[in-house]
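Protein chains: 2
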Amino acid sequence: MIRHTVVFRLKHPAGSAAESKFLADALCLAGIPGVAKFERLRQTSPKNPYRFGFSMEFADATAYQTYNDHPVHRRFVAERWLPEVAEFMEIDYEPLAGA
Amino acid sequence: MIRHTVVFRLKHPAGSAAESKFLADALCLAGIPGVAKFERLRQTSPKNPYRFGFSMEFADATAYQTYNDHPVHRRFVAERWLPEVAEFMEIDYEPLAGA
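Chains G and P are the protein sequences, given in the same order. Mapping of the first sequence onto the numbering used here: position 43 corresponds to residue 43, and the numbering continues sequentially without gaps. Mapping of the second sequence onto the numbering used here: position 34 corresponds to residue 134, and the numbering continues sequentially without gaps.
Honestly, the hints are just simulated from the structure, not real lab data. This list has only true hints and no planted wrong ones.
Straight-line distance between alpha carbons at most 25 angstroms, and here's what the computed DSS-like set of lysine-lysine pairs gives: (1) G:K47 with P:K111; (2) P:K147 with G:K37; (3) P:K137 with P:K121; (4) G:K21 with G:K37; (5) P:K111 with P:K121; (6) G:K47 with P:K137; (7) P:K111 with P:K147; (8) G:K11 with P:K147; (9) P:K147 with G:K47; (10) G:K11 with G:K21; (11) G:K47 with G:K11; (12) G:K37 with P:K137.
Just a few of them, taken from the derived set where beta-carbon distance is under 10 angstroms, the chain G residues facing chain P: (13) I2; (14) T5; (15) E39; (16) T44; (17) K47; (18) S55; (19) M89; (20) P95; (21) L96.
Even glycine gets a Cβ: it sits at the ideal position worked out from N, Cα and C.
Turn these sequences into a full structure, and let the hints guide you.
Pasting the structure below:
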């Protein structure tokens, strides 16, 4: 299992229609083959600069690569993510061996 | 639901006995009242400097505060986290309203 997460801050004002539309349109990613447990989240810790997060799980590295290469993902990154996201960090988790 | 996560890098060499002991001893946190879905994870993205993560869930802010204040947590932070962790970031997630 690979849990792919990204925590981010949008260029849009908090509570704006543009913010809502970005978060709604991101649901297109949930339908890409291999994506499981897709979540859109609010980031609430005051100890980092981010305000939202997406989380999803893949069975293995092949499924993750299929997602990365999928045209729906590539189009979302090019047309929505890069223009609308101010800053972000990707964090990927896998089970600790022996855990 | 509040998902409290922390992504971090240890001062210990990768694969060292000290690294293993830190990760094993962190299981004490899983037994604190209110902690659910405690996970120890390996961070595998090359796009950030961190190597491990912990994730846990609380029913609400009261349960989260109870954990923060619990002597087992406070002792772990003082005696293990602060001396052994090189850098870290806390990220907390809550469901997106309306999601």
